[in-house]
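Participant: Given next are the chains, with one letter for each unit.
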Amino acid sequence: MHISDGYIDPATAVVMFAVSIAFLALAWKKVKADYPQSFVALLAISSAFVFSAQMINFQIMPGTSGHLVGATFLAVLLGPYAGMLSMTIILLMQAFFFADGGILAFGANVFNMAIIGVSSYFVIKLLTRNNKSPTRFASSLFAASWLSVVLGSLAAALEMSFSPAYASAGGITVIVPAMLFYHVLIGLGEGAITMTLVMSLQRLQPAIMSSLTIMKGKIK
Amino acid sequence: MTIKKYAIATLVLVVFLAAFIPFASSSPDGLETVVSSLGVQPQIIWQGFMSDYSVSALGSGYVTTLLAGFFGVVFVLTATLALGKAITKKSQGGSEKP
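Same order as they appear, the protein sequences are chains A and B. Just so you know, the working numbering puts the end of the first sequence at 220, numbered straight through with nothing missing. Just so you know, the working numbering puts the end of the second sequence at 1098, numbered straight through with nothing missing.
What the hints contain is simulated information worked out from the structure, not anything from laboratory work. Here a beta-carbon is modelled for each residue, glycine too, at the ideal position from N, C-alpha and C. Wrong hints could be hidden among the right ones.
The list that follows gives simulated cross-link-like pairs (lysine-lysine, BS3-like), each with its CA atoms no further than 27 Å apart [stated by the list, open to error]:
#, chain 1, residue 1, chain 2, residue 2
1, B, 1004, A, 29
2, B, 1085, A, 30
3, B, 1004, B, 1085
4, B, 1005, A, 32
5, A, 132, A, 216
Just some of the chain A residues that point at chain B, by a computed CB distance under 10 Å [what the hints assert, rightly or not]:
#, residue
6, 44
7, 61
8, 128
9, 174
Short, incomplete list of chain A residues facing chain B, as computed with Cβ under 8 Å [unchecked claim]:
#, residue
10, 10
11, 14
12, 86
13, 178
14, 179
15, 201
16, 203
If we strip away everything but chain A, and leave its shape as in the complex, we get:
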């Protein structure tokens, strides 16, 4: 779901940079000096894993693929604010070294994938409020992951629709339904992968999982 340069208007790009920087500043304030030393390995290794997993595109229909974003996975493991910073680093490395996602469009990509992505944390909290069973947790993971991809694609569609480049093709009335059409399907992949990863981790590494804030009562 990476926006390349030229897909959005420069003015939109600037606005999205400003919005994303505001969220990142908030996240930075929230995570500073808040984590134990033992957290560093989980942060680094889960981020590197998400980078790798993003390289593996899965086919959703002939001619079109999708790939994991991984922000829900990171938000569950790291919490929403460290997850947002981790996802931003992944996007930065992708843009800088691999030209995956534009440089001008970086702010928009951070918003669509890192910021909207980690909002899954709060969706999961909301969905598991009255029921802490593993089944409820797994289905909430799936739903929140799916929703984050669909909302991210909606945000990308709206950002692109401000660009006059799409006007002749129909603009917003064409971009929004087209983006939602593909990402409703890609989101199913995100949901299935995230749910499988987190539930396997819970089975294999219950100590890590039980220490996470998402498993506790209070939203940090």
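Based on the hints, put chain B in the right spot on chain A.
Facilitator: Chain B only, in chain A's frame:
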């Protein structure tokens, strides 16, 4: 000890990539499909160093994608370790307890 842990993690992720890259779809993703169907082209203002996850000196293909993946894993690990260092509590080693 710590370095060994990250070396093992890197190795595991490279093995993961080695196993899955052959099955990865080369079709454009949803956003690319939409944008190109609407006739909009990307404007290249930054080429990156390994554009499209391939090391240009080695052409494109399995080995070069795997190599790009290896570099990416190392870059992300390094950057997030720096982030981790910045956000963890400073009082470590037990000597700073009041």
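Participant: Evaluate each hint against the coordinates.
Facilitator: Going through the hints against the structure:
{"no.": "1", "hint": "1004(B) - 29(A)", "verdict": "violated, 31 Å"}
{"no.": "2", "hint": "1085(B) - 30(A)", "verdict": "holds, 15 Å"}
{"no.": "3", "hint": "1004(B) - 1085(B)", "verdict": "holds, 18 Å"}
{"no.": "4", "hint": "1005(B) - 32(A)", "verdict": "holds, 25 Å"}
{"no.": "5", "hint": "132(A) - 216(A)", "verdict": "holds, 10 Å"}
{"no.": "6", "hint": "44", "verdict": "holds, 4 Å"}
{"no.": "7", "hint": "61", "verdict": "holds, 9 Å"}
{"no.": "8", "hint": "128", "verdict": "violated, 26 Å"}
{"no.": "9", "hint": "174", "verdict": "holds, 7 Å"}
{"no.": "10", "hint": "10", "verdict": "violated, 10 Å"}
{"no.": "11", "hint": "14", "verdict": "violated, 15 Å"}
{"no.": "12", "hint": "86", "verdict": "holds, 6 Å"}
{"no.": "13", "hint": "178", "verdict": "holds, 5 Å"}
{"no.": "14", "hint": "179", "verdict": "holds, 5 Å"}
{"no.": "15", "hint": "201", "verdict": "violated, 14 Å"}
{"no.": "16", "hint": "203", "verdict": "violated, 18 Å"}
In summary, the numbered hints that this structure violates are 1, 8, 10, 11, 15, 16.
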